[in-house]
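Chains as they are written, first to last, in the working numbering: chain V, 1 to 143; chain E, 144 to 418.
For the record, the hints were derived by calculation from the structure and aren't laboratory data. Ideal Cβ positions, reconstructed from N, Cα and C, are used throughout, including at glycine. Where hints are given, some of them may not hold.
[What the hints assert, rightly or not] The calculated label-pair distances, taken between Cβ atoms and stated as ranges, are:
#1 V/K94 <-> E/L394: 35 to 45 angstroms
#2 V/Q62 <-> E/L280: 48 to 58 angstroms
#3 V/P82 <-> E/P187: 44 to 54 angstroms
#4 E/D236 <-> V/D81: 45 to 55 angstroms
#5 E/D310 <-> V/D81: 19 to 29 angstroms
#6 V/N66 <-> E/Q184: 18 to 28 angstroms
#7 E/F267 <-> V/F117: 36 to 46 angstroms
Letter by letter, the chains look like this.
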Amino acid sequence: MNMHRYLSCVVLLAAVMQVVPSYANDSITLTRPDRGAQMRLLRAYSPREQPSKRQSVPVTPQSVLNTVDDRIRVLFDRAADPSTRLVTVASANKAGLGFFVDNFAEMDDDRNGSLRFTEVKAFLDGRSPIAKPVVTEEIQIIE
Amino acid sequence: MIKRFHAKETLPPIIPFLGQLDTFAGEFNDLYTSAFSGVSQKTPDRTKWDAYLKTPKAPAFLDQLFQLTGIGKIYQPGDNRNNNVWIENPNMDSVTFTEKFSPGKKLQLGDGRFFLTTTIDPAFDRSDQFEDGFTPLYQKQFLNYTSTSRYMGINGAIIDNWDEEPDPAISLDTDRWLTSIPDLTLGMTLNPNLKVLVQHGYYDLNTPFHQSELNITYAGLAAKIPVKSYEGGHGVSPYGTGSYDQVMQDLGVFYDQRQPKLATVKTAQAERATP
Chain V
1 MNMHRYLSCV
11 VLLAAVMQVV
21 PSYANDSITL
31 TRPDRGAQMR
41 LLRAYSPREQ
51 PSKRQSVPVT
61 PQSVLNTVDD
71 RIRVLFDRAA
81 DPSTRLVTVA
91 SANKAGLGFF
101 VDNFAEMDDD
111 RNGSLRFTEV
121 KAFLDGRSPI
131 AKPVVTEEIQ
141 IIE
Chain E
144 MIKRFHAKET
154 LPPIIPFLGQ
164 LDTFAGEFND
174 LYTSAFSGVS
184 QKTPDRTKWD
194 AYLKTPKAPA
204 FLDQLFQLTG
214 IGKIYQPGDN
224 RNNNVWIENP
234 NMDSVTFTEK
244 FSPGKKLQLG
254 DGRFFLTTTI
264 DPAFDRSDQF
274 EDGFTPLYQK
284 QFLNYTSTSR
294 YMGINGAIID
304 NWDEEPDPAI
314 SLDTDRWLTS
324 IPDLTLGMTL
334 NPNLKVLVQH
344 GYYDLNTPFH
354 QSELNITYAG
364 LAAKIPVKSY
374 EGGHGVSPYG
384 TGSYDQVMQD
394 LGVFYDQRQP
404 KLATVKTAQA
414 ERATP
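Let the hints inform the model, and build the full structure from the sequences given.
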């Protein structure tokens, strides 16, 4: 390799290997956040300073279904017209509960234009991810 | 799990170890109901627990708590609540666990593999400043974005303002602080197409993985909601999860899966039970 070709190679290599950008503002140093920052970002909640002293209710399909029923009742009462205690498309719209509006036709079993709680509950029971616990009833013998 | 991690010289394989823990957790929960639920009530009632401590089974149960957690000591005849932490309260909460695990040090609540290096646990930190400066730097230099507003960072103050019981119209016979299963079930009822996958880190003391497994199973939701746990802490982040590829793989399967097929997904407990 003559001197000219050697110098050309050196210049080319120097150009290829140059890592310093033309302007300092073009670069950013990416650093991994410290563990403390990560955990603060990830925290879903923090336990109270003092642990809860409430006694937990055992979780069972029935206990969960009962509390879901409470919540359905609250939603129904909010959506209902206060004077009739029935849900109409207008009352649900006024309450801002689009769920009742979107599913009104399916829930309105008797097609009378208003929903009773039993209609709403029957509709939602059919969509529950929890199967209703089987209740074994004694067979009544009618003589 | 945290004691197993820190006692590396005696690290047993994780799957059979989890099986042992499942068994012990079942025994623990049965005893909670029958013997020591009163101990951690606001007005403690130790009657049943004190009666249990006089039975021949009690020493083995206390010793198992010591061996599994590394906290306390082997039971000696004559021990009492002043010299045996498990006699005082077998139902130790996770915050107390972080304090008692190693003398002079405190575990991180969000990841029990690590000891705190600061005085404030990140889970309790109410500060708002973004200490590492990464986001302002990223915004200014990379996005060419600047703002005159004060950057709120992680908004830690929300912890004290968060209301877990926002609706006084709902009678909360189930404490919303203890489980979100009823709210989740309502969500899945309103939208039957909602798919749910729960992912936990084994070493998260903030939201322990096994309680999710139990609650979902007890609620009758195990076929609809798979629970997956990994070698990580709270939030199964890409930074601190040993098997993060598995996290992403499970997420990929979950996103691709149609709702009805979820019923065929094996739960974590079912997977462990499979030889």
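Those earlier numbered hints the structure runs against, lowest number first: none
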